[in-house]
Amino acid sequence: MAQYLMSVLTETAGLATAEEMAAIDAFNEQLQADGHWVFAGGLASPSTATVVDGRDGEPVFTDGPYLESKEHIIGFWIIDAPDLDVALRLAALGSKSCNRRVELRPFLGE
Amino acid sequence: MTGVGEVITRVHREEWARVVATLTRRLGDLDIAEEMTAEAFATAVERWPIDGVPPNPGAWLTTTALRKAIDRLRREVRREEKHREALMLFDTPEPIGAIDDDRLRLVFTCCHPALAIQARIALTLRMVGGLTVPEIARAFLVEETAVGRRITRAKAKIKAAKIPYRVPFREDLPARVTGVLAVLYLIFNEGYLASNPEKDAVRGDLTAEAIRLTRLVHALIPADGEVVGLLALMLLTEARRAARVSASGELVSLGEQDRGAWDRELIAEGHALVRGRLATGQAPGRYQILAAINAVHTDAHDIRDTDWSQVVALYDQLVRLDPSPIVRLNRAIAVAELDGPQVALAEVDGLPLEGYHAFHATRADLLRRLGRSEESRAAYDRAMGLAGNSAETAYLIRRRDQLPGL
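Top to bottom, those sequences are chains A and B.
When we follow this note's numbering, the leftmost residue of the first sequence carries the number 15, and every step to the right adds one.
When we follow this note's numbering, the leftmost residue of the second sequence carries the number 1205, and every step to the right adds one.
In case anyone wonders, no lab produced these hints; they're calculated from the structure.
Mixed in with the good hints, there may be bad ones.
[Said to hold, decoys possible] Residues from chain A that face chain B, not an exhaustive set, calculated with beta carbons under 7 angstroms: (1) A16; (2) D94; (3) D97; (4) L98; (5) P120.
For each residue, glycine too, the CB sits at the ideal point set by N, CA and C.
Let's have the full structure, built from the sequences with the hints guiding it.
Printed below as a string of structure tokens:
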């Protein structure tokens, strides 16, 4: 089994609609039923982020995201899948459920 | 000595993909499989002229490559204290019926849609075709380092993202076969009409390689109609290769080609494949329709004997599957023969293909036939500015300069 991070990409500030939320819930239940579920969550807007640098003495806090970009991540899933073909299929379903593009990326193997 | 050399060349062509495919399954690592297969062939080049060619060259190469891989892994195990050797015990049979062939898994892995299209082409030519990195670089006129990087990156992604080494799920199969065929067709087309002006207009080594790979895929999935269609399309196109470029390096249009120079054997094989598909009564896909169109062309002894109503009917069928402007442009070329250049021009003029050389070349030809020389000349100039192939440019210049009233 491998683990993949499925990041949900968006350009707009809007949250998921009620319809999208219902589809996401249904997808989550399916992930759990099929044993693919590891974790998932939605994120607050990038403007609420703080960049922290604790490498050298007193930590430095900077308001805002580390990268300003047109698109940002508003949520993610972590899934278990035996291989990329299964993960791609789940990513396609996830993208459909939240009505947004997703980026699929494998975790580093052992 | 030359005898053994020829045997090695032939064995390389016939056995390379099988050895890489078997090792990939046994080792679970495409990278090591490729490297060890190359080493096994290098050993064959050294040993066979002295020891003689073994009775079963394929088995000898597989065994030699596996032994080298085991030695390599043992050294790594000792070094890294990792139980990589455990990998050797997994010889997963995974029975999947009629299409259970390691080479097919290899094809699907190399043509995986999660890889960039250029990487799929390079990987397929390297892993399945057995071409070296310098050969691939020469064929596509790109730097060797670029090809090497492309392949290395693709192999790293296959490993890290776990692109599986197996035949795709049944539901994914039609789309994935279509993806494989797209890669093969791109290889063929690059050979048939090289996109770079400095290369030979027609590159027989690439078209031959594309046909060989398509034959392999056809042998592995014989029931797939589109694989048959693509193979027939390639054969019927390849059959006209010798007649397609003149001695002076100019592209020769279909109407002007010396049909006596067409390869009758390839045409007969292509026609038989097309007839075989027609006999199934199943609705044809895009490649089968294109093959049927080429079958009509290669059936005619002269451009005037061509059954244009049949060609237009086939294009109508193709437009229903793929209403893209390029398909409609090609349909209009056939319409010109059936209903005249005026009707064809009306269909061509609305197409959004301003940046496509064939669009302007087609308009130029239709305008020429309508006696509208000035407009025709302008269209030839536009086409020349966009054409990437020297043989094509030479053809366009001649046609333009033949226009009256210069």
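* Asked: Minimum Cβ distance from A16 of chain A to chain B below 7 angstroms?
  -> 5 angstroms, holds
* To do: So, D94 of chain A near chain B? Judge it on the closest CB pair being under 7 angstroms.
  => Since chain B brings no Cβ nearer than about 12 angstroms to D94 of chain A, farther than 7 angstroms, the hint is violated.
* Asked: Against chain B, with CB atoms and a cut of 7 angstroms, does the hint on L98 of chain A hold up?
  -> 5 angstroms, holds
* Asked: Taking the least C-beta to C-beta distance, is D97 of chain A closer than 7 angstroms to chain B?
  -> At 4 angstroms from the nearest chain B Cβ, D97 of chain A passes the 7 angstroms test, so the hint holds.
* Asked: Would the stated hint for P120 of chain A survive a check requiring a Cβ distance to chain B of less than 7 angstroms?
  -> Because about 5 angstroms separates P120 of chain A from the closest Cβ in chain B, which is inside the 7 angstroms limit, the hint holds.
The structure fails hint 2 only (numbered hints given earlier).
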